[in-house]
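Engineer: Letter by letter, the chains look like this.
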Amino acid sequence: MPGKTYVQATINGEHTDFLCEPRQSLLEVLRDVIGLTGTKEGCNDGNCGACTIILDGRIVTPCLVLAVEAEGKEMTTIEGIANGSTLHPIQQSFLENAALQCGICTPGFIVATKALLDENPNPTEYEIRFWLANNLCRCTGYDKIIRAVQDAATTMQEAKA
Amino acid sequence: MPTVYIPSLMQSLTGGKQTVQVEGSTVRQVVEALEQSYPGMRARLVDSGRIKPNISVAIDGEVTTLGMLQKVGENSEVHFLPAIGGGSHNRHGG
Amino acid sequence: MTTTAYEPNMVLVNETFDVVGTRPIRHDGADKVTGRALYGADFDTAGLLHGKILRSPHAHARIKSIDTSKAEALPGVLAIVTAKDLPTTKAGVIVDFGEGNMELKYLRDNILASDKALYKGHAIAAVAASSPHVAEEAAALIDVQYEVLEPVLTAPEGMKEGAPLVHEDLKTEELGEKTDKSSNLASHFRHTKGDLDQGFQEADIVVEREFNTVTVHQGYIEPHPATALWNQDGRLHIWCSTQGAFVVRDSCAQILDIPVSQIRVVPMEIGGGFGGKINVYLEPVAALLSKKTGHAVKIVMSRADCFEGTGPTPGSYVKVKIGAKNDGTITAAHAYLAYEAGAYPGSPVGAGGMCVFSAYDIDNVVIDGYDVVVNKPKTAAYRAPGAPNAAFATEQVVDELANKLGMDPIDLRLKNAAKEGTRRADGPVFPRIGCVEVLEAMKSHPHYSAPLEGPNRGRGVSIGFWFNIGLASSCSISVNDDGTINLVEGSTDIGGTRASIAMQAAEVLGIAAEDVRPSVADTDSVGYTAVTGGSRTTFATGWAAYEAAQDVKRQMIERAATVWEVDADSVEFDKGAFKSKTDPELSMSFKDLAGRLSSTGGPIVGRAAVNPQGAGGSFAGNIVDVEVDPETGKVEVLRFTAVQDVGKAIHPSYVEGQMQGGSAQGIGWALNEEYYMGEQGQMTNTSLLDYRMPTSLDLPMIDTVIVEVANPGHPFGVRGVGEANIIPPTPAIANAIHSATGLRLERLPMNPGAVTEAGWKQRK
Chain A
0 MPGKTYVQAT INGEHTDFLC EPRQSLLEVL RDVIGLTGTK EGCNDGNCGA
50 CTIILDGRIV TPCLVLAVEA EGKEMTTIEG IANGSTLHPI QQSFLENAAL
100 QCGICTPGFI VATKALLDEN PNPTEYEIRF WLANNLCRCT GYDKIIRAVQ
150 DAATTMQEAK A
Chain B
0 MPTVYIPSLM QSLTGGKQTV QVEGSTVRQV VEALEQSYPG MRARLVDSGR
50 IKPNISVAID GEVTTLGMLQ KVGENSEVHF LPAIGGGSHN RHGG
Chain C
0 MTTTAYEPNM VLVNETFDVV GTRPIRHDGA DKVTGRALYG ADFDTAGLLH
50 GKILRSPHAH ARIKSIDTSK AEALPGVLAI VTAKDLPTTK AGVIVDFGEG
100 NMELKYLRDN ILASDKALYK GHAIAAVAAS SPHVAEEAAA LIDVQYEVLE
150 PVLTAPEGMK EGAPLVHEDL KTEELGEKTD KSSNLASHFR HTKGDLDQGF
200 QEADIVVERE FNTVTVHQGY IEPHPATALW NQDGRLHIWC STQGAFVVRD
250 SCAQILDIPV SQIRVVPMEI GGGFGGKINV YLEPVAALLS KKTGHAVKIV
300 MSRADCFEGT GPTPGSYVKV KIGAKNDGTI TAAHAYLAYE AGAYPGSPVG
350 AGGMCVFSAY DIDNVVIDGY DVVVNKPKTA AYRAPGAPNA AFATEQVVDE
400 LANKLGMDPI DLRLKNAAKE GTRRADGPVF PRIGCVEVLE AMKSHPHYSA
450 PLEGPNRGRG VSIGFWFNIG LASSCSISVN DDGTINLVEG STDIGGTRAS
500 IAMQAAEVLG IAAEDVRPSV ADTDSVGYTA VTGGSRTTFA TGWAAYEAAQ
550 DVKRQMIERA ATVWEVDADS VEFDKGAFKS KTDPELSMSF KDLAGRLSST
600 GGPIVGRAAV NPQGAGGSFA GNIVDVEVDP ETGKVEVLRF TAVQDVGKAI
650 HPSYVEGQMQ GGSAQGIGWA LNEEYYMGEQ GQMTNTSLLD YRMPTSLDLP
700 MIDTVIVEVA NPGHPFGVRG VGEANIIPPT PAIANAIHSA TGLRLERLPM
750 NPGAVTEAGW KQRK
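Protein chains in written order, with numbering that gives the first Met the number 0: chain A, 0 to 160; chain B, 0 to 93; chain C, 0 to 763.
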């Protein structure tokens, strides 16, 4: 078995370095090596979106990224979404809209929504549904999630205005 | 007297009767009274002093978890239902 | 049949509450939107090892030998277990968890197969190693020799004369009486009411159809995780995601043959269950590995493990025949239900039999149910288990009757609707229920009268019944000196029940929902509490919280009396304040008195353990619009309305959420989801890409109508809400497809292939 590789990256604004085996996924390293367990594993093959993070400005499922590929990259995980001691408007909106039940898919949805609203601050219902179609939720039927995203978009627009 | 509804697959023991009335203020007493009138009934319902695993007892429409100890009212309806299971917990849903 | 005038049940409007019925932010909310909440797979401890389970590649095979020597030699491997490491099992020992029973041999064999592998994915052996990768490599090095046997895969196949036997020693049981014949038919029951032949003679029109459904999975997003530490003092600690920590404790005690007091189960946050996280799979295996190594061992299932190694809900064959008079009066109904139990007896056919005709008041009924073992995973609960399979049949036959009689389908249902006093075919008489109210709410909903224009579009309706359960729950409440309370409960919070339970305690004590700190405790720290399931948690654990709060209230009244030097009988509690009945000067808020507890006699702790009956059944109905692509057969859901009688909605947002979630699962069941089986019994679509549950892009908004027919059996009128909502979607969509195309879909899923094939067959 080959030795471990030294990797440096920026996670949630902080310089981070870690050792990993070449076969370890970025998801495994985030959770088991670095201890950022807010990123959830639902399928380990890119189909459920529970582990969604932002990697160099794009959403990815880190279960499909090797940890060694993170060298020099910048990442945002669910742990980096809140604004210090206050929740991000998306997080607040998910709570106010009761957009979660069991909560296992929620980190992935919130990260994906952050990326959506960064790119498209005023999405239509269809655009929201299209963007979030790689994030599976089995509890809510998506209705309240869509409403939470719409409300968050409005709140964030108003805050900017 | 409580009214006991006899499951169709056990009505051979009651000569085809769908309901019978017997004395008893607990399920245990009802089963004993059934056995007096319709010998063989106890063996179909009870094993080692307890209601058989695949049968559940409902009093006035409510399945009881007390088994033989369940109290039975003067005008209660007693149902012996198939507790289809053999099977862990899934009778009671998700 | 004589019809009597029926007064619809009163909708609960006459009682107002301060907290019940409001929409506070859930207590565990911040943890769950920041990623801080700890689920089973997030658990870590010093010296943690990782486990992997080797599973059978065959659906039916005799295990000839297991050679673990190569795996043991791999560096990093610390232990390997097989069925030989489980206690030996005498045949015929029945274990009873107070709410369900199972033969101990089956329970143990489902954890690790002893003599035969009974389904693809059946656990054979397990490895503990220094990392999950090493464990996986080692599992692949275990050499198992199988004698492959012919599998039996559906209930009708399993019941055929000469079918391969899943269990050579299984004899058919007919309500307590074992027959002598070895068979895959584990049991047969029959419910009868009235005279079926007479009933069909009275009918002017009879419709009979056969339906087939296939295996589907709960599809929770969190794969099963479990960590076990068998401590050197003999105590076993388990951290897992479960719907019932006490069920895990009791099951492990039986499987491992140790006293319950030697096991502590810590329920971590749970990432969905829907019935699928009640039975244990990993916990006893992790425990055995921990015992061998002296370390904590964590096992997390892969997604394929979830599909192949846990209990789905069964495929079924259902035949329904219903007769009606020209005026729409249903005179007779017969159902034949044959459900796949999976590898061991115990399909939800019993529940199917309880629900198949229970939305209707019918004088003459026969219901036959058959529980058939097949070479698939042992079925487990899935949201109203057994009822959707039955309703898919009944509600399509009722729809066809309405079409043939030229009646509005809701009017036909209303004419025959079950109501208070209706005797169900399985015996019980309905107490106050909301079947009529749900149908009335559907009929008056704007969706039902909205024009539906365009080709290939159709509208369908249906209704479903689920009985709900009570069972045991425990709670304790301690009063903090700032006027808040700590609420300790045993029900794992799978969808917002910390809030719905806390709100019931807050209502009693006149404090805000936010002034309650609810926590879900481990099995050492709270009284016995049954599963989060059966739509029971807000009903039964909420009731325990209500009683514990009443206990606090009584003690606080006595304390107020002590402080005021008056008799406790002269003190009352109203809207959060203690008052003297005689002296208007004497008044103290809950918060004020809470602040004085330590100086007036010490802390106050309230407690309650309940085992309530009277869960009250729940009815749910749907109105669905679909468009069917005439080229491909693809069905799109255009509009969806879910209506449900929930008794009293404690937290309406999470009630709506249950209705929307159940509807979405029903839509997936209707249109996409299935275990796509190869001929040798291998599931071929074990990824979420291929199993294809609904995504946000597949669904419309799901409108909800909460009907509140108060349940007289609960202090706030609660009925369970979690399950009934999954029953009506499959037939409502089938009826909508019929309305759009004229085609009757007699099997699930109604995917493009099935719709196209129905077109070829029915348009010949």
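Among the hints, erroneous ones may be present.
As the list claims (entries may be wrong) - The calculated lysine to aspartate or glutamate pairs, modelled on DMTMM-like cross-linking and capped at a C-alpha distance of 20 Å, are: (1) K83(C) / D43(C); (2) K3(A) / D196(C); (3) K89(C) / D59(B); (4) K177(C) / E76(B); (5) K291(C) / D256(C); (6) K16(B) / E136(C); (7) K16(B) / D114(C); (8) K104(C) / E76(B); (9) K16(B) / D194(C); (10) K418(C) / D59(B); (11) K16(B) / D256(C); (12) K418(C) / E76(B); (13) K16(B) / D362(C).
Said to hold, decoys possible - According to the in silico footprint, chain A covers these stretches of chain C (three or more CB under 8 Å from chain A): (14) 217-223; (15) 254-260; (16) 313-320.
Stated by the list, open to error - Cβ pair distances, simulated, as ranges: (17) P454(C) / E68(A): 47 to 55 Å; (18) S11(B) / V259(C): 58 to 66 Å; (19) N11(A) / G453(C): 19 to 27 Å; (20) E756(C) / S84(A): 55 to 63 Å; (21) D46(B) / S443(C): 46 to 54 Å; (22) K72(A) / A576(C): 17 to 25 Å; (23) F129(A) / G161(C): 29 to 37 Å; (24) Q156(A) / E207(C): 36 to 44 Å; (25) E207(C) / E22(B): 56 to 64 Å; (26) E22(B) / Y447(C): 50 to 58 Å; (27) L65(B) / K89(C): 46 to 54 Å; (28) G453(C) / H14(A): 37 to 45 Å.
No lab work stands behind these hints: they were computed from the structure.
A virtual CB, placed ideally from N, CA and C, is assigned to each residue, including glycine.
Engineer: Indicate, hint by hint, whether the structure satisfies it.
Structural biologist: Here is how each hint holds up against the structure:
1. For the hint pairing K83(C) with D43(C), the CA-to-CA distance comes to about 29 Å; that exceeds 20 Å, so the pair is violated.
2. Restraint check for K3(A) and D196(C): the C-alpha separation of about 77 Å exceeds 20 Å, so the hint is violated.
3. The suggested pairing of K89(C) with D59(B) is violated, with an alpha-carbon distance near 37 Å, which exceeds 20 Å.
4. Taking the CA atoms of K177(C) and E76(B), the gap is about 27 Å. The hint is violated against a cut of 20 Å.
5. Restraint check for K291(C) and D256(C): the C-alpha separation of about 16 Å stays at or below 20 Å, so the hint holds.
6. For the suggested pair K16(B) and E136(C), the alpha carbons sit about 64 Å apart, so the restraint of at most 20 Å is broken.
7. Straight-line distance between C-alpha atoms of K16(B) and D114(C) comes to about 45 Å, which puts the hinted pair past the 20 Å bound.
8. As the CA atoms of K104(C) and E76(B) are separated by approximately 36 Å, the hinted pair breaks the 20 Å bound.
9. With a CA separation close to 13 Å, the supplied pair K16(B) and D194(C) stays within the 20 Å bound.
10. With a C-alpha separation of about 16 Å, the suggested pair K418(C) and D59(B) falls inside the 20 Å cut-off, and the hint holds.
11. Between K16(B) and D256(C), the direct Cα distance comes to roughly 44 Å. Violation of the 20 Å bound is thereby established for this hinted pair.
12. Taken as a hint, the K418(C) and E76(B) pair is honoured in the structure, with Cα atoms around 18 Å apart against an allowance of 20 Å.
13. Of the supplied pair hints, the one linking K16(B) and D362(C) holds, its CA atoms being roughly 18 Å apart against a limit of 20 Å.
14. Counting residues of the stretch 217-223 of chain C whose beta-carbon sits less than 8 Å from any beta-carbon of chain A gives 6, enough to reach three: the coverage restraint holds.
15. For the stretch 254-260 of chain C, the assignment as covered by chain A is violated, since 0 residues bring a beta-carbon within under 8 Å of that chain's beta-carbons and 3 are needed.
16. Only residues whose C-beta sits within less than 8 Å of a C-beta in chain A count toward coverage, and the stretch 313-320 of chain C has 0 of them, not enough to reach three; the restraint is violated.
17. P454(C) and E68(A) have their C-beta atoms about 50 Å apart, which keeps the hinted 47 to 55 Å range intact.
18. The beta-carbon spacing between S11(B) and V259(C), approximately 41 Å, falls outside the hinted interval of 58 to 66 Å.
19. Between N11(A) and G453(C) the Cβ separation comes to about 49 Å, which falls outside the hinted range of 19 to 27 Å.
20. Under the hint 55 to 63 Å, the C-beta atoms of E756(C) and S84(A), about 59 Å apart, fit the expected range.
21. Judged by the Cβ atoms, the range 46 to 54 Å given for D46(B) and S443(C) holds: they are separated by roughly 52 Å.
22. Separation of K72(A) from A576(C) is about 59 Å and departs from the stated range, judged on CB atoms against 17 to 25 Å.
23. Checked against the hint of 29 to 37 Å, the pair F129(A) and G161(C) fails, with Cβ atoms roughly 53 Å apart.
24. Hint check: Q156(A) to E207(C), Cβ distance near 58 Å, so the stated range 36 to 44 Å is violated.
25. Taking the beta carbon of each, E207(C) and E22(B) are about 44 Å apart, not inside 56 to 64 Å as hinted.
26. A hinted range of 50 to 58 Å for the beta carbons of E22(B) and Y447(C) is consistent with their spacing of about 53 Å.
27. Distance hint check for L65(B) and K89(C): the Cβ-Cβ separation is about 27 Å, which falls outside the suggested range of 46 to 54 Å.
28. Between G453(C) and H14(A), the C-beta spacing of about 58 Å breaks the proposed range 37 to 45 Å.
Hint compliance for this structure: hints 1, 2, 3, 4, 6, 7, 8, 11, 15, 16, 18, 19, 22, 23, 24, 25, 27 and 28 are not met, and every other hint is.
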